[in-house]
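Enquirer: Sequence:
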Amino acid sequence: MSATGHKTWPKLTNRDEFRFLADLVLKHSTGDHTLVSLHDQQSGTTRFANNQIVQNVDTRRGSLHVTVAFGLRHGTAGTTDFTAGAVQETVARAVQIAHLSPDDPEYLPPVEPQQYMTPPTTRAETVIAGPARRLEYANEAIGQCRMENLEAAGIVSSSVATVGVAASTGLFAHEERTDARYSLTVQAGEATGWGAAAHRSIDHLRVQERTLTAIEKAKRGLEVRELPQGRYTVILEPAAVAGLWSSLLWTLDAKSYEKGTSAFSSKLGQPIVDKRLTLRNLPAHEDLLGIGFTSDGLPTVASDWISEGRLTQLVYDRFTAKRRGIDTIPTLDAPFLSGGGSSLPTLQELIKGTARAILVTNFWYIRTVNPTDLTLTGMTRDGTFLVENGAIVSAVKNFRFHESPLRVFNRIEAFTSPTEAITSETGKLLVPAMTLRDFNFSSVTRF
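Following numbering that gives the first Met the number 0, the numbering of the sequence shown begins with 0 at its first residue and continues without gaps.
Think of the hints as simulated: they come from the structure by calculation, not from any bench. Idealized CB from N, CA, C, for every residue including glycine. It is possible that some hints are incorrect.
[To be verified] What follows is a set of in silico ranges between Cβ atoms, one per label pair, in the way DEER data are often shown: (1) A85 with Q269: 49 to 55 Å; (2) Q114 with K321: 17 to 23 Å; (3) G84 with T371: 33 to 39 Å; (4) E208 with T367: 30 to 36 Å; (5) E257 with P119: 32 to 38 Å.
[To be verified] Quick list of in silico lysine-lysine cross-link-like pairs, BS3-like style, CA-CA up to 25 Å: (6) K321 with K218; (7) K218 with K10; (8) K258 with K321; (9) K351 with K396; (10) K266 with K254; (11) K427 with K274; (12) K321 with K266; (13) K321 with K254.
Make a model of the complete structure from these sequences and hints.
Expert: Laid out in structure tokens, this is it:
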């Protein structure tokens, strides 16, 4: 076990300090264009395993990166030392690298000054949260599991960062961002249950609720039956839905679309999923992790990506967007997936209204099998159950699946209101739980 005391760190680089550093860089740069990027973060992580705290540490990491360009040649150098001498040396290295670099035909100068929205990127309670607060949450999870004679493993983390972008064009942006996360895996023999949460506010992690849900899933998984491979009606919890959507979102880039290698080629403006589904980017939503600006200094924007089942946006880099005449580049930092209608059922009501289905908590090891139609493979995890006559009757051995989101999200029977979903690939989304027909489980796993 390792631990550190909660000591006072130097304050994070504030707006005025970043402006001073940026002015210092621009003063000493001889390039045609210069871009300065700041990321200064204080973070803490508490890890636990086998019902014991195994780590409780705070770290501080700060970096400043400088990009200098001469025509189409550019070079980037970085430093973790924010003193004047170190910053000037970083500028000199970036200049040297730029002179030695070949022309980049897709290079564009930094953007001009922008107008930014002010999404809720920071919460005071997360800023002041330290090891003691994280220990409180970790011990709550451990205590609940000990009372059930189960084993707990997971993390509680909190961080606050200042992020900035400035350029010789007059561009300047700076904001503070907080992040709090909780993840728990409960072990009951060979069965596991899982829960996770992420929020700008550490007060919104709902640790007790997530812990009790993970415990219930682990206990339900103690007696497992094996079902044959085949096509089943499935009820996917939000994390499982998000796992499939994350793969879809990663393949929306405009370059592969234009090359004809994308599963979405020729489908812009066309239906790709159930017409009741709409995918939006909502950076101002208080339960998502929206940001004010991108690493290029472009503003994040609210936008519709899939509207009533039709694909309406692609992911553009600045060069491709300019070539296509797109002035406002849509962003996808805060995904929100919803279906139409009112008085939508809860997850429990989805289960209650289903004659027979497989309930899936989560997927893992999702990989692309066929990029042309976005066929994916992966495995169920952390709670897979048989539902019969509106009730969970037993756990079932995990399955491997082979399916495409472009197919399964056209076979929707019912869905809930959007709720929190955490995936390792995409981060945080708000998506509904869903009942889907004819989901292809291609084999039974060995565990």
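Enquirer: Let me make sure I understand: some of the numbered hints might not hold for this structure. Which ones are they, in numerical order?
Expert: Violated hints: 3, 6, 7; rest satisfied.
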